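Position chains B and C relative to chain A; hints supplied.
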Amino acid sequence: MTLAPLLELLIFGILLGGIYGLSAIGLSLIFGIARVLNLAHGAFAVLAAAVSFVVIQATGLNLLFVAMLVVPLFFVAGYVYEILLIHRMLSFNRERRIEALILGTLGFGLVTESIVSIIIPRNFGVNYQFLPISFGEITVSTLRLLLLAVVAITTVILHFIVYKTWYGKALRATIDDAETAQLMGINFDRITSITFGLGTALSALGGILLLLVFNISPNMGFPITLKVLAIIILGGLGSILGSLAASIALGISETFAGFFLDTAWSNSISLVVLLVVVLIKSEGLLRR
Amino acid sequence: MQSSSKLVTSVIVTALVVSLVWYAALPMLVPSKTAQEAPVTTPEQSRVIKIGGTLPLSGQFSPVAGTFNRLYDAWATQINERGGLYVSEYGKRLPVKVIVYDDQSDATTATRLYEKLISEDKVDVLIGPYSSTLTVPLVAVATRNSIPLIATSAGAPPIFNQGSDWVFVGIDLITNWPKTYFDMVKAKGQAKTIGFVATDEPFGQGVLAGGKTFAPQAGLTITSENIVPVGTKDFTAAIIKLKEANPDIVFVAALAPDAATFVKQAKEQGLKPREFHVPQLVKGFIESVGVDSANYITGEWYWTDDVLYGGVWGKEMFMQAMAKAGITNVDYPWAAVHYYGLEIIGAAIERVGTLDKAKLKDGLKNLSIPTISGEVHFKSFGNFKGVGTLVPFPVQMQNGKVVVVWPSETKKGDYTYPSP
Amino acid sequence: MKTAEDIVIAALALATMSAVPFVSSSYIVFLLNGIMVLALCSLSFNLVYADTGYMNLGNSVPFGVGAYAFAFALSHNWSATLAVVVSILAILFFSALSGIFIVRLKGAYYAIGTLALVLFAQALAYNLGWLTGGYQGIIVNVAGGSAYSAYYILAFLNAVLLLLTAAIRKSSFGYRMRSIKGNEIVASTLGINAAVNKVIVLIIGSLFAGIAGILSTSYNGFVTSESSFGISITFLPVIMAILLGSFSIVAPLIGVTIVALASEIFVTTIPQLTDFMLGILLILAALYPKNLIVLKNSRFLKNKSGVRSASS
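Protein chains in written order, with the numbering used here: chain A, 8 to 295; chain B, 13 to 432; chain C, 204 to 515.
Next up, chain A with everything else stripped away, as it sits in the complex (with noise of 0.2 angstroms):
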């Protein structure tokens, strides 16, 4: 066994996990802010990645430009969907709303799901030729050398978000303790607005990074959620950074899995490691 294919694994192990990243850190502020596990998340990345398919069709312009253009279209309809959506069912009782929210979102993940299937009836997925980069015997995919890229300058963009904004302040004081956070002046209603459309944008990135690693099929929305869900609650509800350490792990054990095992348990790999963490963490009841 040489080392070359295991340095090879690691790399993707980290890019494949960095890219759920994203999508995870955006379902993990939503749940920080709101306690919602917006089961509409993959849905919105599936929409984000079928609506890049289309306009990449129909004009042929660069990916990049297109994200650039789709993800703050992202950010608004998260809002939108906030104000729309969830914030009604936010204000039922405790019972209820944990129903209706679970009712609620997976309902609009399955008209999302349904409109994108009718749109494009079939797998999609976008190719742009590059030359593999060789270090030595090395040999790795510049597309994902680049996704990596693009997932690390969005990560350093989200720390500067989150730590240096107005907005980032407030999100932070409401997730410690929104009753002083609201005594304190913050609209509880606008930030989770807002962090319901930052949260959907990040999704709706990850869903056009996907495009480009492969095939997206219009149902693949709730498989999607499942994972990003696995990844947060391994990696801490609430936490950014652990939603990114756990993606990143969750990666890489994948991949080492699926080379060293027979490849039929490395899709198990991920839920062992789930249920194990659930159970050591069983005593960590949740905040508030």
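These aren't lab readings, by the way, just hints derived from the structure by calculation.
Heads up, some of the hints might be wrong.
[Said to hold, decoys possible] According to the in silico footprint, chain B covers these stretches of chain C (three or more CB under 8 angstroms from chain B):
{"hint": "1", "stretch": "272-282"}
{"hint": "2", "stretch": "421-428"}
[What the hints assert, rightly or not] Derived CB-CB ranges, DEER-like:
{"hint": "3", "chain 1": "A", "residue 1": "R179", "chain 2": "C", "residue 2": "R381", "range": "51 to 61 angstroms"}
{"hint": "4", "chain 1": "B", "residue 1": "K198", "chain 2": "C", "residue 2": "I468", "range": "50 to 60 angstroms"}
{"hint": "5", "chain 1": "C", "residue 1": "S278", "chain 2": "B", "residue 2": "S100", "range": "56 to 66 angstroms"}
{"hint": "6", "chain 1": "B", "residue 1": "N92", "chain 2": "C", "residue 2": "V363", "range": "30 to 40 angstroms"}
{"hint": "7", "chain 1": "A", "residue 1": "R104", "chain 2": "C", "residue 2": "I468", "range": "48 to 58 angstroms"}
{"hint": "8", "chain 1": "C", "residue 1": "Y355", "chain 2": "A", "residue 2": "I125", "range": "55 to 65 angstroms"}
{"hint": "9", "chain 1": "A", "residue 1": "N100", "chain 2": "B", "residue 2": "D304", "range": "57 to 67 angstroms"}
Just so we're clear, the structure is a prediction, and the values are computed from it rather than from any experiment.
Even glycine gets a Cβ: it sits at the ideal position worked out from N, Cα and C.
Chains B and C in isolation, oriented as in the chain A frame:
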């Protein structure tokens, strides 16, 4: 408050119960025009031949076969324009009707809907759904209800070794699928090694088994064999293993969506075999991978307009039906496979001369039917019954067009190996 | 607690249900079997959820275990009785096993943990090909009338589970469970052992879900990892149970009927829009529970002790 809410409750519950009963009893209440199945001495004037099946109008298979209901309808219209199919038992031509439901690409839904076709729509013959996965459970349904099932895109062994007399298909087992391709490779004599990647479902497993049998016969050494679970999105592990083994040919035994993902990632990661062989070289694949990227990839098709066979009603009629349905062979190469089903059913009814299900089943065993891809008869061997004889032939993507490259009698282009 | 009205309605329902197979096609029986299987899973979910507030998303594990065990036994030509016994033992074993794992979990972790169990079970079913037939699953040869016998058994089981749910609610056992929902920490100071209660009710629910799985194999004729652990069998019963709110015993049944019938009608009439319409249905149910106040207030839908649950 109590009494009015009691009233409301009672009304709602009663309404639910009544509607349930009504929906359930309705088929019995509506007199069925075709209530009798056995031949009668005085045939009814209004008898319509009903063919029933499901197609993946939604779900994961819809990109591959979701438009075929239009083909079925176009065919039915053509047949009816001639007055229908001639059934000697009735002494005249009877019109046909094809009933298709959406199985959502799901086996449980398909099973239930075929039960509906049999017990409510009272069809005469069943035409199979897309994919072996959905067809396998239907064998029991057809056998239990004593109705012939003409399978279509379903060539996996588990369908035909259940010991049922009622299932027939035009194509040969998928384990025989790659045979003609390997004949071609052998004749070319240049490739030495081959590596496989297959998805762990009936199609992938079946084609892989066939490939492993025929590759050595063609003088190839198998240097890598990778089976990936269904639903795998990231083929990195398999690609790295294939890069290490570095075979001349990489054989991708997977359904179109997975094959496309694999080839896309393989090229990104620098896997450069002398040839990619993708049996499912369909539009969905080509578009996903990109026409340029797909250049010189080989695959296998059952029919192109260059093929010379006539079929039961002639090649022209098939092409007209496709045109009417708005389907091109390039986009949906499996349309032809489903058309075989219609040809088999039509020929069986006219030759055996009856709509009696048991007689049709018995008659089919001995029939030799010309289809648009050649002659079909049904083989029985070992545990297997009802297996057809049609195999696909190799094609290759050459500069934007898919070209038949084997056998030499029918080919339109030359097999280019290695890929430049 | 039974008034004349209750008895009449129950008798009416019973008579109708018994008569249906005689007047309708085998397709309808199939359809109703599917609905009743979902109903059983839904009621079983509600058994735990309604009183304790815990979302056991892992109900498809016993379902799948039952379905696979039964299929495995039959495909090896064991007698039907032996197959049933073995399947039930398998169900009890696996639910006890998973019960031990998840009983320590609280709140959202319980839901996620049970969900992880399902995914793990699905992976196992897929990977242990020699036992489960892998992706293709196991095919069983079923006798012609099995759909009909399954029908009656399913109807019977649904009735039993309904009555059982009511009995539990009325009993001190149910009272203890509701206290867990109220405040688990306080409940434990009062000497209520949450863990034991949770496991007991989990096993009861699992038993019913598991038998539903056995019956599903018997009338469908096959089992695959998708049909037993897939998204539809895992999440649909949950959705149906909470669609109308979990306050009453019969609510899941109505939820099941609405969703399943609507779904079938969509599939046979507007195939491409099935998911779309279902999604709309869910959103409406989420946003406008008030329209169901009528049902909520009705006496028939109160739990049998006559007390409306605290959350309404």
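Structure-inconsistent hints, enumerated in ascending order: Hints 1, 3, 5, 6, 7, 8 not satisfied by this model.
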